[in-house]
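*Asks:* Protein sequence lines, in the order shown, are assigned to chains A and B. Under the numbering used here, the final residue of the first sequence carries the number 296; numbering is consecutive throughout. Under the numbering used here, the final residue of the second sequence carries the number 375; numbering is consecutive throughout.
Source of the hints: derived by calculation from the structure; they are not laboratory data. Just so it is clear, the structure is predicted and the values come from calculations on it, not from any experiment. Glycine included, C-beta positions come from ideal geometry on N, C-alpha and C. Among these hints, one or two may not hold up.
[Said to hold, decoys possible] Taking lysine-lysine pairs in the DSS-like style, the calculated list, with each CA pair at most 30 Å apart, reads: (1) A:K283 with A:K156; (2) B:K196 with A:K84; (3) B:K196 with A:K187; (4) B:K203 with A:K187; (5) A:K213 with A:K12; (6) A:K258 with A:K236; (7) B:K196 with B:K18; (8) A:K258 with A:K186; (9) B:K203 with A:K35; (10) B:K196 with A:K186; (11) A:K186 with A:K156; (12) A:K223 with A:K187; (13) A:K84 with B:K50; (14) B:K241 with B:K203; (15) A:K87 with A:K156; (16) A:K87 with B:K50; (17) A:K265 with A:K284; (18) B:K203 with A:K6; (19) A:K84 with A:K186; (20) B:K361 with B:K285; (21) B:K203 with A:K186; (22) A:K84 with B:K285; (23) B:K21 with A:K87; (24) B:K18 with A:K84; (25) B:K203 with A:K31; (26) A:K6 with A:K213; (27) A:K84 with B:K203; (28) A:K12 with B:K203; (29) A:K87 with B:K223; (30) B:K196 with A:K12; (31) A:K35 with B:K196; (32) A:K87 with B:K18; (33) A:K31 with B:K196; (34) B:K196 with B:K223; (35) B:K223 with B:K285; (36) B:K203 with A:K87; (37) A:K156 with A:K284.
[To be verified] Stretches of chain A that chain B covers, calculated by requiring three or more beta carbons in the stretch to come under 8 Å of a beta carbon on chain B: (38) 26-39; (39) 44-53; (40) 67-81.
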Amino acid sequence: MTEIPKEEMLLKCPSTCAGCGSLLALRYILKAAGKDTVLVIPACCNSVIQGVYPYMLHTVPVYNIAFAAAAACASGMSEALRAKGEKTNVIVYAGDGGTADIGIQALSGALERGEDFLYICYDNEAYGNTGMQRSGATPLGAITTTTPNGKTVNKKDLDRIVEAHNLPYQATACSSYPADIYNKVKKALSIPGPKFIHILAPCPPGWRIPSEKTVEIGKMAVKSGIWVLWEKEYDKFTVSAPSRAAMKRPVPVGEYLKAQGRFRKVDEKTAAVIQANVDKNLKKIALEAAQSEETE
Amino acid sequence: MSELIMSTGNKAVAAAVKMAKPLVVAAYPITPQTEIIESIADYVEAGDLKARYIPVESEHSAMTACIGASITGVRVFTATSSHGLLYMHEMLHWAAGARLPIVMGQVNRTLAPGWNIWAEHTDALSQRDTGWLQVYVSTVQEAYDATLMAFRIAEDNRVLLPVMINMDGFLLSHIMQPFEMTEPGDFIPPLDLPHKIDVNDPKGYGAMSPANVHYQFRFDMEKSMRASRTVINETEAEFAKRFGRSYAPVEEYFCDDADVIIVAMGTLGKEAEVAADLLRKEGIKAGVMRIRWLRPFPLDMNIKGKDLVVIDRDCSFGFGGVVAGEIQARYPDAKIASVIAGLGGQEVTYEDMAEFVRSRKMGTEFWFGIPQEEQ
Chain A
1 MTEIPKEEML LKCPSTCAGC GSLLALRYIL KAAGKDTVLV IPACCNSVIQ GVYPYMLHTV
61 PVYNIAFAAA AACASGMSEA LRAKGEKTNV IVYAGDGGTA DIGIQALSGA LERGEDFLYI
121 CYDNEAYGNT GMQRSGATPL GAITTTTPNG KTVNKKDLDR IVEAHNLPYQ ATACSSYPAD
181 IYNKVKKALS IPGPKFIHIL APCPPGWRIP SEKTVEIGKM AVKSGIWVLW EKEYDKFTVS
241 APSRAAMKRP VPVGEYLKAQ GRFRKVDEKT AAVIQANVDK NLKKIALEAA QSEETE
Chain B
1 MSELIMSTGN KAVAAAVKMA KPLVVAAYPI TPQTEIIESI ADYVEAGDLK ARYIPVESEH
61 SAMTACIGAS ITGVRVFTAT SSHGLLYMHE MLHWAAGARL PIVMGQVNRT LAPGWNIWAE
121 HTDALSQRDT GWLQVYVSTV QEAYDATLMA FRIAEDNRVL LPVMINMDGF LLSHIMQPFE
181 MTEPGDFIPP LDLPHKIDVN DPKGYGAMSP ANVHYQFRFD MEKSMRASRT VINETEAEFA
241 KRFGRSYAPV EEYFCDDADV IIVAMGTLGK EAEVAADLLR KEGIKAGVMR IRWLRPFPLD
301 MNIKGKDLVV IDRDCSFGFG GVVAGEIQAR YPDAKIASVI AGLGGQEVTY EDMAEFVRSR
361 KMGTEFWFGI PQEEQ
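The shape of chain B in the complex, shown without the other chains (with noise of 0.2 Å):
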């Protein structure tokens, strides 16, 4: 039985690093996510992670960084926010296009200007088109499990593509919860890279790849990202079994006999459960689905006949909330009420999710928090 500690979600995905020993970190501080690496810095200073270290001079480098030692063949990791995301954009292509299994905490935090810390998922959704597997998490303990499943199920050699482990700022990377801090022992297995680099064995890396062969490769990462899905399921029932904690790539709360779904990702996915309970005492079926992986996109949301409210802390401006658009995209018959809510860190509370269900209007948007005449 491991411990039941106290801790932040940045504390508790550092945790989960240690215990996945990667041989290098590389990072670069930004708000919120400081406290991930700064836990990091501190193990490897204490010995408590045999680990390499590299203060890089910028979030450009750490990815970059990140891509020199992993192609050796090593494990490792990173952490970002924000505009720490955007500035590794052209590296986050890189990473994946060389199927590097690179694992990064990413802290969703709003984009500027103005100046602004708070939580919003704009920074990672703008990153969607990478080749990086994504997941939102929504709770210190989940942030801790999914760190742990992200170097077994970027390593895995069908899948071979990086993880990002998306945490929304402050209100889960700042957080106090309990949660259990599991000894994977042997739940990630050795890294086997097929590609590393061999000096005896000396082969050429990302030289021109004309058109005939480049398609060839964009479609193997796209057969990888498919094949994910299964790993990421083998992984997820392997964790339960092993740990006793079950997760699924999208997190049902009462949906079976539900007529209103509630869609979102990250703490509002979880806040949203208490809006559900508030709207079943009043006699609305309501029930919440909580997308965790959102790349690979699930592709087997049951949500045939049942109205969606589905909230976006996000927005693509010119086209509206980005969930919202995939899900109609790939479920050409959902019914949906788009809700674009929490931008900046705006307040929303279960009252305020249960109040988008009780007046939704299908097939509109809505801005929470803009009068209706503007909306």
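For reference, chain A alone in the conformation it holds in the complex (with noise of 0.2 Å):
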């Protein structure tokens, strides 16, 4: 079992709206992290939900930045400090939008200069902060602000792209699953270099379901297998203890379709590619954990 501190980083009376998965996620972020920490964060969710000046939300430093701007904020402020000798951990807090889209290069930049920094990207799969625009992570079929019929092309597999620098750690999560956040950002900061966590954050005003349903749907989407939990620690790739369970026998993604209003104009046609896209991606996924288990 996961011995999870009691003792809370987060204040109370964040702005958010309720239930939101961001924040949860968060909040078990910092307490793997701890108190060494500053948190990098470009206009997000996560840049309203602080409150107003002077009030703040985090018993961290936090430090606001531009939009494409969270990973070269981090690489100054960690070269900074560890020219300094200190060891304080930078982590950036960033939306799908901030990381997907507008912040690779930068994210890229950094990755690839072997940044000693944590980067975490929250995915509530469309521009949330805004009023929900689709960005590049928004899946397949899902209705937003900008795509009022359903999203016409795939969610950008953001992971394969950070992948390709070779990173020492990288891993997916989801917030409905706190214990695996609170081990994998413990494992992550315990290693030098740039690593990268993807969590999965439902939205319950965007994605259209019922505040008290953030942690179900988070767990459906793994229990279907349209986000699966894993984790990459140089080049030994696992697969997530809830995932590998999910992964013999997912659930059909038609039932997590259909608990949210976004996917509510998904038609069958689109329904049945989406269950394509995710038998692939699941096969993908068993093959590299099984390739990986075999070069041990």
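Make one complex out of these two single chains by using the hints.
*Replies:* Structure representation (structure tokens):
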């Protein structure tokens, strides 16, 4: 059993929407990171939910920065701290738009240079802060304010793009599995160099789900296999326990789609494409896990 | 006594940076600035400068990495030019708004299209309103001296705003001149950033600031920009006292008895001195004012009753010369003949400048090289 510290690193009354997955994830990220941490936050929901000056939500320093700039800011911060001999964790907490779209150049640069920081993307699959416009991470079929009939192209495979940078540590997670998040952040921060964790974070208003369903929908994503929890430490690729169980008998993705208002315009044909994409990805992941085990 | 060495403007800036000992340098190459950051990379590799050199993937990231480093309380430097400066634009506002004393070497170069690598001031002037102090230099020695002074001015707790040292592309960045590589000693005091990040005293930086506080932050910047005039004067006086080279925010050349004054920035402002000599031989009482600090803008130019021939190596389309316009705005009684000259590296000699004076039509704008009937 994972022992998670009882001390809360977030103060009360954040100005999130009810049932925010990104804040739930951050609660456990900060418990894992501890007080010797600086958060770097580009434009995203988490730049707004901190509250209004002079109040703050976090008990660690938070540096807000421009939309495209998170990874570069963390690079400078980490280099300066290391030059001073300080080991302070530098953690980026960015949305999917700030990571997969506008921030991807800075992210790629920082990963390639081998900067010592942890980049965490909380993925609510759209530009949530500006009112749910489609992002590169919006999945096929999802309604957003700029895809009123559902997105017609696939979600960008951010993890494969990041993986091409050969990081010492990379993982996926979901806000519905806090112990998994806690353990992954702990492990990531124990490894020098660039680390990346991609967290699926359900968004009740954006996904058009009741606010008490955040955890349940996240679990459905994992159980259907549309979101897979894994980690990669250097070349060792491991499927995490919740997904290992789910992959044995994945729930049809249709149930996940039907539970969310954003997929209400998905017809049978698109649903079949989504299912086929899930099946294909699960096969790829199973193969990668098996190959990684063989080379052990 | 420091040694006299031959150097380009770029290498002089890099040498000054080595003396100032920043802990982090983040930069991206662009012509004609690249020699600055190559020289710094060499210093770092050789161990002559104990700094982290971050070879970022863009200028946007160069300025951002400087911001991230600076807020930890360390001295930082970057350099850029032209399109690189424009690509930084968003982060220039962030750097100044975050009150970070970042110092940047900026080599003035034309903006495309079409591609053109030669000198023009439109790049830096289009960043006029970002909250950066801007100084324009005219010799290799001045590039070196201004860079040393920039760190002291930016880091002064009465200022805490970033400083941009502007140098004409090729005309100064690549020209070799002898200069004295003065050891600054304790001329630049250690940096003590009052708002640096501290995990034992966690604070939120740049959180949402509504209208009732935001204008106060901005007025605070304006107050610091005003205070920087004093800090610049003090710093330049102290520099003169210690090292024997004196500078003023506006350098004057035979202005006291002048009837007509050429006003320009950068290398044109230096070349104009030769034009004034020439004109005085012809019996025209000419002088030169070379504006060095454009931000903060000089408020004590002694121009009463004199004709000003303001040469702008820039243009604000639909308005005119930026410097001419700024002078007119701050000195409503100023009599100005505006000349747009030197765009895209167009050659402007002292003979040309003398002719601008001889044929000046006060209250008009003249584009050098364009036939009269098309003006």
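*Asks:* Keeping to a limit of 30 Å between CA atoms, is the pair of K258 of chain A and K186 of chain A held or broken?
*Replies:* violated (35 Å)
*Asks:* Holds or violated: are the alpha carbons of K84 of chain A and K285 of chain B at most 30 Å from each other?
*Replies:* violated (58 Å)
*Asks:* Hinted pair, alpha-carbon criterion (30 Å max): K241 of chain B, K203 of chain B. Please report holds or violated.
*Replies:* With a Cα-Cα distance of about 41 Å, the restraint between K241 of chain B and K203 of chain B is violated, given a limit of 30 Å.
*Asks:* For a C-alpha distance cap of 30 Å, please report whether K84 of chain A and K203 of chain B respect it.
*Replies:* holds (20 Å)
*Asks:* Can you confirm whether the C-alpha distance between K203 of chain B and K186 of chain A stays at or below 30 Å?
*Replies:* Roughly 23 Å separates the two Cα atoms, so the pair holds.
*Asks:* For K283 of chain A and K156 of chain A, compute the direct alpha-carbon distance and say whether it is at most 30 Å.
*Replies:* holds (18 Å)
*Asks:* Between K265 of chain A and K284 of chain A, does the CA-CA distance stay at or below 30 Å?
*Replies:* Holds, at about 28 Å.
*Asks:* Run the distance test for K31 of chain A versus K196 of chain B: straight-line Cα separation, threshold 30 Å.
*Replies:* At roughly 24 Å apart (the allowed maximum being 30 Å), K196 of chain B and K31 of chain A satisfy the hint.
*Asks:* Keeping to a limit of 30 Å between CA atoms, is the pair of K213 of chain A and K12 of chain A held or broken?
*Replies:* Given pair K213 of chain A, K12 of chain A holds - Cα atoms ~21 Å apart, limit 30 Å.
*Asks:* So if I understand the rule, the pair passes when the alpha-carbon distance is 30 Å or less; does K203 of chain B with K6 of chain A pass?
*Replies:* holds (22 Å)
*Asks:* Taking only the CA atoms, is the gap from K87 of chain A to K50 of chain B under or equal to 30 Å?
*Replies:* Given pair K87 of chain A, K50 of chain B holds - Cα atoms ~19 Å apart, limit 30 Å.
*Asks:* Are the Cα positions of K223 of chain B and K285 of chain B separated by 30 Å at most?
*Replies:* Measuring from Cα to Cα gives roughly 38 Å; hence the hint is violated.
When each numbered hint is compared with the structure, violations occur for hints 6, 8, 14, 15, 22, 29 and 35.
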